[in-house]
Structure formats: structure tokens, C-alpha cells
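Participant: So the chains spell out like this:
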Amino acid sequence: MATVELKAVSKIYGTTIRAVDSVDLSIADGEFVVLVGPSGCGKSTTLRMIAGLEDLSGGTISIGNRIVNDVPPKDRNIAMVFQNYALYPHLNVRQNLSFGLERRRTFKSRWRGIWDSTYRTQRHAERLAITARVDAAAHTLGIEHLLNRPPRELSGGQRQRVAVGRALVRDPAVFLFDEPLSNLDALLRGEMRTELRILHRSLQSTMVYVTHDQEEAMSLADRMVVMKDGIVQQIGSPAEIYERPANRFVAGFIGTPPMNMLAGSVTADSVGGLTFHWNQCEFPLCKRWVGAELSAIDQNSLTLGIRPDRLMIVPIDEKQDSPSVTGHVVTIERYGPLADIVALVNGKRVISRTATDALGAIREGDAITLRLEIQYAHMFRADGSAITSPRN
Amino acid sequence: MGAYRGTEVMNRTLWKLLQYAILFAGAAILLLPLWWMLVVSLETPERAGAAITGGTDLSLWPPSPQWGNYPQALREMGSVPWQGFLNALANSIVVTVLVVVGTVLSSSLVGFAFARIRFRGSRGLFLLMLSTMMLPGQVTIIPLFLLFRNLGWIDSLLPLIVPSFFGNAFFIFMYRQFIAQIPESLLEAAKVDGYTLIGIWWRIILPLCRPVTAICAVFTFIYVWNDFMGPLIYLHSDEESTLAVALNSFRNQYGGLEDVHLLMAASLVTMVPCILLFAASQRHFIEGLARGAVKG
Chain A
1 MATVELKAVS KIYGTTIRAV DSVDLSIADG EFVVLVGPSG CGKSTTLRMI AGLEDLSGGT
61 ISIGNRIVND VPPKDRNIAM VFQNYALYPH LNVRQNLSFG LERRRTFKSR WRGIWDSTYR
121 TQRHAERLAI TARVDAAAHT LGIEHLLNRP PRELSGGQRQ RVAVGRALVR DPAVFLFDEP
181 LSNLDALLRG EMRTELRILH RSLQSTMVYV THDQEEAMSL ADRMVVMKDG IVQQIGSPAE
241 IYERPANRFV AGFIGTPPMN MLAGSVTADS VGGLTFHWNQ CEFPLCKRWV GAELSAIDQN
301 SLTLGIRPDR LMIVPIDEKQ DSPSVTGHVV TIERYGPLAD IVALVNGKRV ISRTATDALG
361 AIREGDAITL RLEIQYAHMF RADGSAITSP RN
Chain B
1001 MGAYRGTEVM NRTLWKLLQY AILFAGAAIL LLPLWWMLVV SLETPERAGA AITGGTDLSL
1061 WPPSPQWGNY PQALREMGSV PWQGFLNALA NSIVVTVLVV VGTVLSSSLV GFAFARIRFR
1121 GSRGLFLLML STMMLPGQVT IIPLFLLFRN LGWIDSLLPL IVPSFFGNAF FIFMYRQFIA
1181 QIPESLLEAA KVDGYTLIGI WWRIILPLCR PVTAICAVFT FIYVWNDFMG PLIYLHSDEE
1241 STLAVALNSF RNQYGGLEDV HLLMAASLVT MVPCILLFAA SQRHFIEGLA RGAVKG
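Residue numbers (the numbering used here), protein chains in the order written: chain A, 1 to 392; chain B, 1001 to 1296.
In short, the hints are calculated from the structure, not lab data.
Only a predicted model underlies this, so the values are computations on that prediction, with no experimental measurement involved.
What you were told as hints is all true, and nothing was included just to trick you.
Across the chosen pairs, the derived CB separations fall in these ranges: (1) A:Asp185 <-> B:Gln1282: 37 to 45 Å; (2) A:Ala382 <-> B:Pro1183: 40 to 48 Å; (3) B:Gly1124 <-> A:Thr118: 46 to 54 Å.
Here are some chain B residues the structure puts well away from chain A; computed CB gaps all over 10 Å: (4) Phe1165; (5) Ser1281; (6) Gln1282.
Here a beta-carbon is modelled for each residue, glycine too, at the ideal position from N, C-alpha and C.
Model the full assembly from the supplied sequences, consistent with the hints where possible.
Facilitator: Have a look at this one:
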């Protein structure tokens, strides 16, 4: 149980490469925080700095109100789960689990039991305690039947459980996960995700989790930290980040399929109504953008972002009162109840996600009209930052 | 179709037969000297001497094996009966075991450092170390002798043993290549688990390096057991000699035609440990050679 506090944490390789650039993050006790971003964004480096496997180039990290910059990993009261599991191949599962619990023995203490019977009893008790802890962890994770097997005889999912178990037995204040599920197949990944959530709820301990998979991040996190090029882009709950992305990068990175980004311009008419122009289409913006700082900035290079599920198919000849675009279907990808339609509108690609039922007789190559639910649109400046509307 | 398959099977069988024939021929050629030693060592002095000069042909197996040749040969090694042989045997065992242990420990430790610890000049040091392999051993004989004489170690086993605890360039190189293939995260996991570098080396690196250790141990064993130059240079008194040197003095003493059976018996006894070791470890050994530096 501990808080984790990062203040202006930086990692610079060589003299110029800023892998992590002044990250501030404060993780509450018992919180499940996920660091997410594309590869090379510095999320793993940040985690490794928390673990003590990388030195900091600047800033401080505290765990449980103690600055740990110069504390070696073993004294930070953390446990880490690695992407490739890092199970010791020459030890069986039980030995893997107890490896970190065994007391470091000096040459003398190794033989002390021969003449010192108190010491012998004490060692025996310790050994029993370790066995009990290993058994308890194995029970929690359902790997009791694997305890005597070497890692090479385990499946990927079982290895993953052992790796989590190795962290679990140490009862650390903070769990660190470095892309622990990315070597598993999709089905197992989903299963392990659920189990990790359950584990977190029962342990109530602080967990920091790194992944490049935004869906995984959304499903696991209490709070997400979206990173890019070593810089924190946004910190917030999954819902906040999904609904109010701070910039174009976050908006495009979070959500499947990615948000449609329509780069265009805005004009205002005499009565204050706003119209967005994109690709020979124009649609009125809803009232909430009026009075936003739209008028104060470069109106010719704005981006309107709209999620694929806010782009609805409508019958082609139906009269539209809300803004819509017309194009033709390039491909349709069906995922059971949902389907993604990739359409070309005047040569530009847009994606719409709809219920498969709503597809009707639409086929690839057909003409299609898509309605924008403009009230859910996001607006971004030329530099990518989001424009907040007065109401919202 | 059937006929075709039949021909193919036959071809394959023929090919296999040919392979085995070649292998058997090779093995026979390699075993010939050993067989010769064995037969001569069991012959009577007269027949053995005659075999050397070409007077009689050796049979595949001696008509009346003289097993007594063996105790006789060992008894007469050195000036005191039995003592010379037992001393030399003990010395050989002590030197060989310690050198094997020393080479494995030091080479793996240094290889680990070169593979996993980043420090200023590590590349330069590694190249420097490799370059020592280019140096012929004869070049260092005199400086080393002077060094050990100044230390007062001449006529003791120390000059043979101590250097092995400072690593061997070739085995350091082998260990380094192997250890470089072990995933970094294993070491990091152990660090998080609270192990120091020495602890990681002992508990993780060494167990994982078994194939390399097998090669290193067997090569070193055979080399040291058979080493003649080292003991000859540093050991002067009779009771400090090793088997290889003792065998040589035995040859000087009993090298005549009438004693060749004893010489062969003593030689065979000297060879036995190497043969046993190779037989016991050949699976690991071949595996290690074949796998080279691929991770375990």
C-alpha cells in the first residue's frame, strides 16, 4: 500500500534524446494507473525508473512518501511483471515463486544450523512460512497443479500466471506491469485482463501498468496516462479521455476505429452561425461552439474530429436536417453485431461504425450518405490542441 | 509409383550403409593405437618386445593376458614402490580439479561482467583480453618462470593452479557470447527479487550456462591432465610430479624393448580418467559444441 509520486521525471539518453520529458504524476494508494502510448513514447522507461532499473536524468520519484531515486530495486517494496515473463528457466514454478522470498544466506549462516538448534528451528519456521505464502499465491491464481513443473512445460497463459504469482507472493506496496499481456493471444488476453481487475479489487494495492494497447488501457485503468515522445499528453479516467481528449493525438490514439479527422476551415455568418468547410462539404456547427474561442484563432486550419460511431448511415434519398456527407463504400468489415464502413467522400476516407443490422443491402461500391452527429464533434487547433466549447 | 518408392527406400538404405561403413572405418583407424597399447600391455615381455621390432605379429587378443603387468608397472613408477605412482596421481587430481574449478568460476564471472555490465573501457579490455589468445604460450614461459620464482612457488603446485583462477581468454569469450543471449529481463527480475550481481551470477547465470561449463570443464580437464610442459618446468622433485611427468621418467627408466609392456600399461592407466570423463559427459559436450552460443 503506497502512493507513488513522480515530479519532473526525465530520462535523457546521450545528450539529446529525451526518452522521458519532465513527467509529473501522482498515483494514489490503491489506484490502478495505466501508462499508454505508441512504442517509443517513454512509458516503459518511466515504469523502469519507478522500478529502479533505470537511473533518472532529472526529477524525483517517491514511493510511500519516501524519495527512492537512489534506492535499489529490492528496497523499493515493488514487484514487477515483465513482458516476456522472465521466469527462471532452471527452476520449477515453486522455486520461481519463492526465489525472491528466500533469505539471502551468507556462507556462515548456511552451516549455522548444524550447531545452533534455535537457528535451525527459526529457519524451519521461515521455510514453512514461505511454502505457505507460495501455496496461497498459487491458489489465488489457480496454478497449484503446476508448482513442480519447469517453465518450459507451461503454456503462455500459465507462464503469465506464474509471473503474476511471483509478484503476488512478495506482497509489495506497488505492482509494476510492463506489457504483461502482449505475448498472449487475444482470447487469453481478455481473460487475464478480467483477472487482473479482480486481483486488483481484492488486493487493493497500487498498480502501475504499461501497455501500447489503448483498449486494454481503457478496460483496466482507474486512471490513464497517455504519452507520446516522452511527454504526457493527458491524464484522466478512461471516460474523460475518451470524451474530452486534450489534443488531436489523444483523440486519434484512443478509440477503435480511430476518430475521423476532417481538416477544414470555419466561417461565421452575419447572425453568428458557424459553418465548417471540409472537402467541398459544409455543415453548420452546433450552437455550443458559438462564443468559443473559434473566432480568435486561425479559422482556416482547424480539424473537426468525429468518432466513427457518430457517423451514421442514412437512406440516401432521405431529406437531412442535420449535416451529412455523401460518398461511396470502399469496404465493409463486419465484427458480429458491429460493422465498420470505410467510405470515400470526394476522395477522402472516412470510417463509420454501425450496427450490422443497419447495413441493410449496402454493398461495397454503393453510394452512401453519412450523417454527422455534430453535437459530439471535437475541434482542434492547427497545433493539435483541443478547443473547449463554453458549454460542455 | 510403388516401384519408385521401393527404389527410393533401397537408395536410402544403401546410403545409410555407406555412411556407417565410413564411420566404422574412421572409428577403427582412430582406435587402432589404443588397441595396440592394450594388447601390448597385456603381453609377456618377450612377445611385446618382439612385436615392437616386428618379430611377431600381434594377435587381436593376447593368448595369455598378463594382468600382473599393471600392478607391476604402477609399483615401479618412482623410486619407492607404489609411492611414486600414488603421489603423482594425487598431484594430478589436485591440480586438475582445482584448475577446472578455477577456470569455470573465473571465466564465467569475467564473461558475465563483459556481457552484462556496462563500464568505461569494457570494449577495449575485451579486445585486449582476446588479443592474449594470439600470443604463443612459449613466449611467456620465461617471464612466468621468473615471476613464480620470485614468489617462491617453484617446486610447488601453485604455478599450475593459481593462474587458472584468473580466467582463460577463450572460455571467457565463450561464456560472454552465451551470457549475452540470456534475456536481460531475467537479470532484472532477479534484481527486483533482491539479488546482487554476484548472487545473480551464482544463482542464475551459472546454472543457465551448463552447456558452456561442460565444454569448459572437459577441455580444461583433458588439457591439464595431459599437460607435460607446465609440470616439467615448475616441478622438480619426484614427489611433486604429476602423472604426465612421472610417466615420462618411467619411460626414461623402462623405455627399453624388454619393458615396453609396462610402459603401455602405465600409459593406459594414465589415460583412463580422460576416457571415463569423456564417456560420461559426451552428451553434454557434443550438445554444447553443437549449440554453441544459442540460449538454453
